[in-house]
Amino acid sequence: MTLIQISTFVALSLLARVFGSRLPRRWTLLTISVLAVFWLQPASPIRNLDFWLPLLTISIAAAAWAVTLPAGTRPARRDGIAGFFVLGLALAVALTRYIPALCCLTPSRPPETLPLLLGMGIFFGVVWLVGRGFARQPWTLHARVLAVIFLFIILKSEPLAQLTAAGLRGLMGQDPTLAQPTDLRWLGFSYLAFRLLHTLRDRLSGRLPALYLDEFLTYAVFFPSLTAGPIDRVERFQKDLQTEFQLDAIRFLEAGERLAQGLFMKFVLGDALALFALNPANAAQVSTTGWAWLLLYAYALRLFFDFAGYTHMAIGLGLLFGIRLPENFNRPYLQPNLTAFWNGWHMTLTNWLRAYVFNPFTRALRARKWSIAPIILLGQLLTMLLVGLWHGITLNFAIWGLWHGLGLFTHNRWADFAKGRLNVSPQLAAISGALLTFHFVALGWVWFALPDPGLAGRVLRLLAGGAP
Amino acid sequence: MSESMRFLRNVLGKATLLFVAVNLLFATTDPLSFLGNLSLYNGPIPGRQRIPFGEEPDKAYNLSLNSLEAMFASHELTAGAKPVDEFRVILIGDSSVWGFLLENQDTLSAQLNSADLTTPAGHSVRFYNLGYPTISLTKDLLIIDEAMRYQPDLIIWLVTLESMPHNKQTFTPLVQHNPGRVRALIAEYGLSIDPANPDFKDLTFLQKTLWGQRRPLADLLRLQLYGFAWGATGIDQYIPAAYTERANDLPLVTEYYDLEPDFTADAIAFDVLDAGIARAGDVPLLLVNEPMFIADGANSDIRYNFFYPKWAYNRYLVLMAEQAAVNGWLYADVWQAVSNDEYTNSAIHLTPAGEVQLAAKLLELIHPLLNP
Numbered sequence: 001m002t003l004i005q006i007s008t009f010v011a012l013s014l015l016a017r018v019f020g021s022r023l024p025r026r027w028t029l030l031t032i033s034v035l036a037v038f039w040l041q042p043a044s045p046i047r048n049l050d051f052w053l054p055l056l057t058i059s060i061a062a063a064a065w066a067v068t069l070p071a072g073t074r075p076a077r078r079d080g081i082a083g084f085f086v087l088g089l090a091l092a093v094a095l096t097r098y099i100p101a102l103c104c105l106t107p108s109r110p111p112e113t114l115p116l117l118l119g120m121g122i123f124f125g126v127v128w129l130v131g132r133g134f135a136r137q138p139w140t141l142h143a144r145v146l147a148v149i150f151l152f153i154i155l156k157s158e159p160l161a162q163l164t165a166a167g168l169r170g171l172m173g174q175d176p177t178l179a180q181p182t183d184l185r186w187l188g189f190s191y192l193a194f195r196l197l198h199t200l201r202d203r204l205s206g207r208l209p210a211l212y213l214d215e216f217l218t219y220a221v222f223f224p225s226l227t228a229g230p231i232d233r234v235e236r237f238q239k240d241l242q243t244e245f246q247l248d249a250i251r252f253l254e255a256g257e258r259l260a261q262g263l264f265m266k267f268v269l270g271d272a273l274a275l276f277a278l279n280p281a282n283a284a285q286v287s288t289t290g291w292a293w294l295l296l297y298a299y300a301l302r303l304f305f306d307f308a309g310y311t312h313m314a315i316g317l318g319l320l321f322g323i324r325l326p327e328n329f330n331r332p333y334l335q336p337n338l339t340a341f342w343n344g345w346h347m348t349l350t351n352w353l354r355a356y357v358f359n360p361f362t363r364a365l366r367a368r369k370w371s372i373a374p375i376i377l378l379g380q381l382l383t384m385l386l387v388g389l390w391h392g393i394t395l396n397f398a399i400w401g402l403w404h405g406l407g408l409f410t411h412n413r414w415a416d417f418a419k420g421r422l423n424v425s426p427q428l429a430a431i432s433g434a435l436l437t438f439h440f441v442a443l444g445w446v447w448f449a450l451p452d453p454g455l456a457g458r459v460l461r462l463l464a465g466g467a468p
Numbered sequence: 001m002s003e004s005m006r007f008l009r010n011v012l013g014k015a016t017l018l019f020v021a022v023n024l025l026f027a028t029t030d031p032l033s034f035l036g037n038l039s040l041y042n043g044p045i046p047g048r049q050r051i052p053f054g055e056e057p058d059k060a061y062n063l064s065l066n067s068l069e070a071m072f073a074s075h076e077l078t079a080g081a082k083p084v085d086e087f088r089v090i091l092i093g094d095s096s097v098w099g100f101l102l103e104n105q106d107t108l109s110a111q112l113n114s115a116d117l118t119t120p121a122g123h124s125v126r127f128y129n130l131g132y133p134t135i136s137l138t139k140d141l142l143i144i145d146e147a148m149r150y151q152p153d154l155i156i157w158l159v160t161l162e163s164m165p166h167n168k169q170t171f172t173p174l175v176q177h178n179p180g181r182v183r184a185l186i187a188e189y190g191l192s193i194d195p196a197n198p199d200f201k202d203l204t205f206l207q208k209t210l211w212g213q214r215r216p217l218a219d220l221l222r223l224q225l226y227g228f229a230w231g232a233t234g235i236d237q238y239i240p241a242a243y244t245e246r247a248n249d250l251p252l253v254t255e256y257y258d259l260e261p262d263f264t265a266d267a268i269a270f271d272v273l274d275a276g277i278a279r280a281g282d283v284p285l286l287l288v289n290e291p292m293f294i295a296d297g298a299n300s301d302i303r304y305n306f307f308y309p310k311w312a313y314n315r316y317l318v319l320m321a322e323q324a325a326v327n328g329w330l331y332a333d334v335w336q337a338v339s340n341d342e343y344t345n346s347a348i349h350l351t352p353a354g355e356v357q358l359a360a361k362l363l364e365l366i367h368p369l370l371n372p
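These protein sequences, in sequence, are chains A and B. Start counting the first sequence at 1; every next residue gets the next number (the numbering used here). Start counting the second sequence at 1; every next residue gets the next number (the numbering used here).
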């Protein structure tokens, strides 16, 4: 999000405060969130893709809602109104094409009328059919989970993304040979996928509360957390949504404080550190151990300030609209061990993976009477490998994930072993633990920052005092 | 009004007052020059070997800014007191002296330093690169003016005709954004530059506030931050793998600015050269007419290169020699001292081998001047 976008959202919250009594909050939030999906979407060199991708985001979310409707229930009248309302919003965004003064909310001009109507007909037709009960058998839930994962793999794998981009270019009458993986920059899909998988899985386990379409859509594409999280849980979000809310001075100040913190962390500290933080270019140029450590420290801090800053801003914006998004960071670099680090870094992702990957996986192994050590090893490796691959299906992210998986396992075993055997002062243990943990995490960032494992190897050798 | 509303009103009111007060204070005290002197360079970060300049900061770890104080504070020249056994030579000039498309170890100053000269009195001769990539004698004069604080023992000022037309004097951003300093030089040396020239960027009161000065302030900060990348990599310029070579086929153009054939000395900025020499005072200043590429392609019968029609440059050579003789300047003309193969993307930018040739020539010339 840019400063202008953030300022606009703040202004909208104040407008919502002024007109709050006349416009129900859920409609305000749904409207802003749906429009924000189009507005925040980055430009794509593929014709009209910056309109189709946001539309697909909304359609996928709507279809996920439809498929998670409890068996035997049909959409309520309110759902129908919400559906047509969202359809109308998308249509309005598209029709700005013909109103030069308003054009365009999307980075490029939306598609022409015929392909627009055809596309919208297909997208929303599928949602309507699912909503009417068609293809709403239990297997469709599994199919939806697989479909989201499949989309995810396409987007995160460079060869597949490039292939898809080439296909889309061909479809649009553009030169497929110019396709790049970055053509498919689909804003917020990573986080949308987590939210949808959470709802689909909870529907399968019977834990998902009943949700109206407008509630589900607002949850799935809630604009403050669309780009960089946090990943909220739907039942918590729904509770906030259903609570009466009026923006008062206290809430405004709290939100302002979070926004100010976020802006400072992201745009001052994070962006300043980015000027010399480790990256593929300077990794190949640095030649002394001391400076290599400095670049790495800058990268570690930059990543934290950038990401935590975004989270502060998301929470601040959420507060302005009466939604208290979950915290995502808790002093991660000051934690005394790696397990505590992951309990303080991207906490909502960690909780998600614990709930949907680590716990079910280790439960399944325990049921097979495996001993505890291999269960923990495999559970940590799988979970952290998935965290790595979520950032991109590449070797460096896989190595980064395995680095943390092994680190978590080692810490787990060490903690078990050391219990009652070591007699160290708690302060010394906390300080040395924090230093060790920070450096373990920082060394892991080398793999994260550098896509070329050879280059990462060069930097690691340098960090260890070796020749570059 | 509820208590929370009063609290909010107080917070917003105080924040507004603070914002206004800080801006007023900034505008009235104008602390930018002072802030420019605060630097991490020559401390935790090694000093730069050339004045900050960068067209692609994210790749060059360098940027262009207009604060002379900050530019000098980041330069190795300003690292502590001058060593007692150092004979300090500063090189002044344009991008050819700065070393466009050259790494630090290949610039003219580096080639001269590699000669490891010592004076007859046993002082080691150290050359400092104070070239800056825009062509204007007034810009050079500004840099000499600032550099005099750092006790040079010899100044070598490389010039070319392109830096001398009157209307080029206020052309560079460094001159435009330092109107106070330039006007002081105009007044002191009676330069022919109009102090009211609209090129000078005089700031309004609002532009002097913290808000108005946010860009220069950000530049000061970025200069420090890029310093870490410079320290880590030793890179201060993005040098592309390939570049367009200097033109050998030339346009059929015979005009040169507003100069007429047989123009006289007052048609170009000899007064600025004179001012530079006067500013150097007792410090010897060697004026050098810098080398340039001589084309042999299309229209080379009427032009030397992309910059110059032959008539204009030939006239300039005559005038330079005359003025040097009349005024007693230390002057050397080395415009043909580098072979034609050793130019890169411009008629004045040299390859490393070209810098070696020029350095050899300059070493011959400065030998008699190495007496502290």
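Derived by calculation from the structure, the hints in this document are not laboratory data. Where hints are given, some of them may not hold.
Cβ-Cβ distance ranges computed for the label pairs, FRET-style [what the hints assert, rightly or not]: (1) A:182 x B:59: 18 to 24 Å; (2) B:215 x A:461: 37 to 43 Å; (3) A:178 x B:34: 41 to 47 Å; (4) B:282 x A:461: 41 to 47 Å; (5) B:215 x A:422: 51 to 57 Å; (6) A:176 x B:245: 31 to 37 Å; (7) A:290 x B:76: 15 to 21 Å.
Glycine residues also receive a C-beta, built at the ideal position from the N, C-alpha and C atoms.
(message) Assuming the hint says 31 to 37 Å, is it satisfied by the Cβ distance from residue 176 (chain A) to residue 245 (chain B) or not?
(response) Holds, at about 35 Å.
(request) Given the hint of 18 to 24 Å, check if residue 182 (chain A) and residue 59 (chain B) actually sit that far apart at their C-beta atoms. (result) Holds, at about 19 Å.
(request) Just tell me: holds or violated, for the beta carbon distance of residue 178 (chain A) and residue 34 (chain B) against 41 to 47 Å? (result) 52 Å, violated
(message) If I claimed the Cβ atoms of residue 290 (chain A) and residue 76 (chain B) lie 15 to 21 Å apart, would that claim hold in this structure?
(response) Taking Cβ atoms as reference, residue 290 (chain A) and residue 76 (chain B) lie about 19 Å apart, which means the hint holds.
(request) Mind checking the hinted window 51 to 57 Å against the Cβ distance between residue 215 (chain B) and residue 422 (chain A)? (result) 55 Å, holds
(message) Looking only at beta-carbon atoms, does the pair residue 215 (chain B), residue 461 (chain A) fall within the given range of 37 to 43 Å?
(response) Check passed, 41 Å falls within 37 to 43 Å.
(message) 41 to 47 Å was suggested as the range; check whether the CB atoms of residue 282 (chain B) and residue 461 (chain A) agree with it.
(response) 54 Å, violated
Going down the numbered hints, you'll see the structure goes against 3, 4, while the others check out.
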